[in-house]
Amino acid sequence: MSELTTHLRKDVRLLMTDPMFVILLIALAGIAFIVALMSCGGYVNSMTYGGDVVTQASLELKQKEALSNYWGSIAGIFMIIFTVIAALAMTGEKESGMLRYVLTYRTSKLRFYASKLLVLMSVVIMAMLIALVCYLVVFSFMDVPMLDLGTLAASMVFPFLIAMVFAAIGLTLSTLSDKKAGAVVASVAVFFILSLLSQMSIGLGIGAAYEINPAVTAQNVTEFIPLEYKLLIYSNPLVLGYGTTLMLNISGYDHYTNPHLFDPGWGAALGLAMALAWFGIGLLAFSRERMDKGWLTRLREKMRK
Amino acid sequence: MTTVTEVLVGRDLSKAYGNRFTARTVQALDGVSFELREGEICGLVGPNGAGKSTLIKLIMGIEPKDGGEVSMNGLDPRMALGYVPERPTFFEDLSPFHNMLYIARLNNIPEPEEACLRELKEFGLDGWKDEPVVNFSKGMKQRLAIARSVLHGPKALIMDEPFSGLDPGMMLELRGIMRSLKNRGIAMLLSSHELNEIDQLCDSILFIKSGRIIKKEEFNAIVPTVNFRIMLATADGAVPAALAGRKVLSQSPDGLSFLVETPKEEVPDIVAEVVGVGGRIVACGIAQRKAEDLYAEVFLPEARA
Numbered sequence: 001m002s003e004l005t006t007h008l009r010k011d012v013r014l015l016m017t018d019p020m021f022v023i024l025l026i027a028l029a030g031i032a033f034i035v036a037l038m039s040c041g042g043y044v045n046s047m048t049y050g051g052d053v054v055t056q057a058s059l060e061l062k063q064k065e066a067l068s069n070y071w072g073s074i075a076g077i078f079m080i081i082f083t084v085i086a087a088l089a090m091t092g093e094k095e096s097g098m099l100r101y102v103l104t105y106r107t108s109k110l111r112f113y114a115s116k117l118l119v120l121m122s123v124v125i126m127a128m129l130i131a132l133v134c135y136l137v138v139f140s141f142m143d144v145p146m147l148d149l150g151t152l153a154a155s156m157v158f159p160f161l162i163a164m165v166f167a168a169i170g171l172t173l174s175t176l177s178d179k180k181a182g183a184v185v186a187s188v189a190v191f192f193i194l195s196l197l198s199q200m201s202i203g204l205g206i207g208a209a210y211e212i213n214p215a216v217t218a219q220n221v222t223e224f225i226p227l228e229y230k231l232l233i234y235s236n237p238l239v240l241g242y243g244t245t246l247m248l249n250i251s252g253y254d255h256y257t258n259p260h261l262f263d264p265g266w267g268a269a270l271g272l273a274m275a276l277a278w279f280g281i282g283l284l285a286f287s288r289e290r291m292d293k294g295w296l297t298r299l300r301e302k303m304r305k
Numbered sequence: 001m002t003t004v005t006e007v008l009v010g011r012d013l014s015k016a017y018g019n020r021f022t023a024r025t026v027q028a029l030d031g032v033s034f035e036l037r038e039g040e041i042c043g044l045v046g047p048n049g050a051g052k053s054t055l056i057k058l059i060m061g062i063e064p065k066d067g068g069e070v071s072m073n074g075l076d077p078r079m080a081l082g083y084v085p086e087r088p089t090f091f092e093d094l095s096p097f098h099n100m101l102y103i104a105r106l107n108n109i110p111e112p113e114e115a116c117l118r119e120l121k122e123f124g125l126d127g128w129k130d131e132p133v134v135n136f137s138k139g140m141k142q143r144l145a146i147a148r149s150v151l152h153g154p155k156a157l158i159m160d161e162p163f164s165g166l167d168p169g170m171m172l173e174l175r176g177i178m179r180s181l182k183n184r185g186i187a188m189l190l191s192s193h194e195l196n197e198i199d200q201l202c203d204s205i206l207f208i209k210s211g212r213i214i215k216k217e218e219f220n221a222i223v224p225t226v227n228f229r230i231m232l233a234t235a236d237g238a239v240p241a242a243l244a245g246r247k248v249l250s251q252s253p254d255g256l257s258f259l260v261e262t263p264k265e266e267v268p269d270i271v272a273e274v275v276g277v278g279g280r281i282v283a284c285g286i287a288q289r290k291a292e293d294l295y296a297e298v299f300l301p302e303a304r305a
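The listed protein sequences derive, respectively, from chains S and R. Here the first sequence is numbered in our numbering, starting from 1 and rising by one per residue. Here the second sequence is numbered in our numbering, starting from 1 and rising by one per residue.
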């Protein structure tokens with residue numbers, strides 16, 4: 001049996017024996033159900049009070065907007081939940097001293113760490129499926145026409161990527177803290193700092209673009225955003241929140257509320273790169289737990305000499 | 001380089017802890033060397049802060065060494081060492097079987113399930129193999145910690161304060177366990193403040209102070225001299241005069257008891273000399289030096305000073 005499988009089996013077993021896991025799944029289902037009801041209500045409302053002639057295309061557009069709003073809300077909730085859950089993934093074992101004990105054996109830290117991320121990924125997928133089921137149940141119950149499976153699947157890509165990036169950030173934070181409370185506080189703080197930075201950098205970036213070219217549109221706004229703002233915008237995982245509207249091809253022409261910040265394919269690649277980058281940063285931070293001198297310490301010593 | 005019987009050798013182990021803000025360093029270990037032979041139980045004794053825990057951490061690779069090496073006849077210490085921490089930690093929600101199975105699989109032990117069951121039975125825990133460890137008593141956890149540490153067939157076992165907090169019954173049981181491990185040929189380095197247990201179990205003692213090994217006492221070593229104690233019925237001024245040419249280690253204030261260091265073959269001569277000058281011997285015999293005496297010899301004079 002490979003070492004990764006050994007760590008995975010242990011992590012899955014720990015997850016399954018943790019009563020908080022069942023509570024988490026129930027809470028996620030409850031939240032998703034409430035958000036789905038609100039989205040469905042908004043959809044029905046928009047259909048009832050709309051003055052336009054109802055066509056198949058307008059129905060589909062409205063429902064796509066409802067779906068996008070639904071995943072937007074779910075992604076926001078998942079971001080904070082998965083940052084906190086991931087921040088606790090390692091600290092429990094660190095706090096008890098079990099991590100240190102396990103690392104006295106010949107253990108690959110990469111595999112140990114990868115196992116944690118894979119388990120988190122599985123929980124994210126589970127949470128996404130629960131959210132999808134809640135959406136389908138509510139919209140079926142309200143007897144409204146359903147979107148095809150391809151559209152539903154496409155709408156889930158960016159919320160999944162956002163949850164994964166935040167899980168990777170949380171896991172990185174868990175390598176830095178030895179206490180559960182510290183990890184939770186750090187993850188909440190990081191979430192709010194990123195949210196604040198995202199709003200500020202996008203707002204200021206678009207404002208700067210408008211100053212350069214007052215005729216800027218949602219489609220070409222990125223061409224006029226200064227580089228420093230671009231760096232801030234595209235390094236922040238919250239930018240992925242703009243992906244679902246683009247994926248569903250419903251982004252409007254308002255460059256402030258729906259800026260066309262990336263193509264869906266490029267955005268998905270950015271999301272993957274962010275998840276991988278945070279995985280790498282986390283792994284680097286985890287190397288501090290190294291028993292004998294790690295490569296970083298050895299390199300530092302060589303440089304000193 | 002280790003010889004055939006030396007299973008664990010530490011050479012010039014050094015470790016300093018620094019404070020990056022004040023640039024102050026504390027030399028926790030300063031060129032510590034030691035050897036552990038097959039089946040030897042060696043006590044590691046010293047006051048708090050002497051460097052015992054640091055030495056154990058360096059041997060186990062829990063902390064990087066500043067200098068020196070740990071060797072095990074060419075074996076990887078991470079594969080050939082077992083470790084029982086001062087406060088054994090487990091995945092508390094898992095059963096002892098699954099706790100051990102994880103370690104067994106990490107070490108690629110063939111037929112891991114059978115090996116775990118065998119060790120659990122050996123340590124009298126087979127009746128609780130499916131019970132979560134969180135329900136275990138301290139004594140049961142200590143037994144499980146030892147069972148887990150020997151699962152991969154280590155050549156040497158490092159035990160940090162294994163008797164700490166155990167009731168007398170558990171201490172006796174643990175003593176039996178350690179003797180059975182010795183019979184398996186496992187060498188043990190036993191850090192402990194329980195000098196009585198050191199007396200009962202150890203073949204040798206390493207005295208450590210201020211990060212240096214200041215003395216190694218071999219209980220079973222073939223030494224040319226013995227400590228011979230003579231007790232008289234009445235004080236007689238002729239007896240001290242008769243012993244004047246001998247190395248008298250101590251004499252009781254009432255003049256009734258003498259402790260003489262002498263070559264073994266001269267013991268009958270001493271008895272004859274004392275009787276010859278009219279000394280009335282009520283008891284005499286070779287005095288076995290205990291860990292407590294040794295501790296007092298090594299540490300108390302300086303503490304008083």
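These are computed hints drawn from the structure, not numbers from a lab. From a predicted model like this one, the values you see are computed outputs, not experimental measurements. Even for Gly, the Cβ is constructed at its ideal location relative to N, Cα and C. Each hint should be verified, as a subset may be incorrect.
[Claimed, not checked] Computed footprint of chain S on chain R, listed as stretches where at least three residues anywhere in the stretch have a Cβ under 8 Å from a Cβ of chain S: (1) 59 to 65; (2) 68 to 79; (3) 94 to 103.
[What the hints assert, rightly or not] On the chain S side, residues computed to face chain R include the following (Cβ under 8 Å): (4) K10; (5) L14; (6) D18; (7) A57; (8) M98; (9) Y101; (10) Y105.
Now for the hints, and whether the structure bears them out:
1. 59 to 65: Result for this restraint: holds, n = 6.
2. 68 to 79: holds (count 3)
3. 94 to 103: With 4 residues close enough to chain S, the hint holds.
4. K10: holds (5 Å)
5. L14: holds (6 Å)
6. D18: holds (7 Å)
7. A57: Constraint on A57 of chain S not satisfied, violated at 54 Å.
8. M98: Nearest chain R Cβ about 5 Å off; hint holds.
9. Y101: holds (6 Å)
10. Y105: Nearest chain R Cβ about 5 Å off; hint holds.
Violation of the numbered hints given earlier is confined to hint 7; every other hint is satisfied by the structure.
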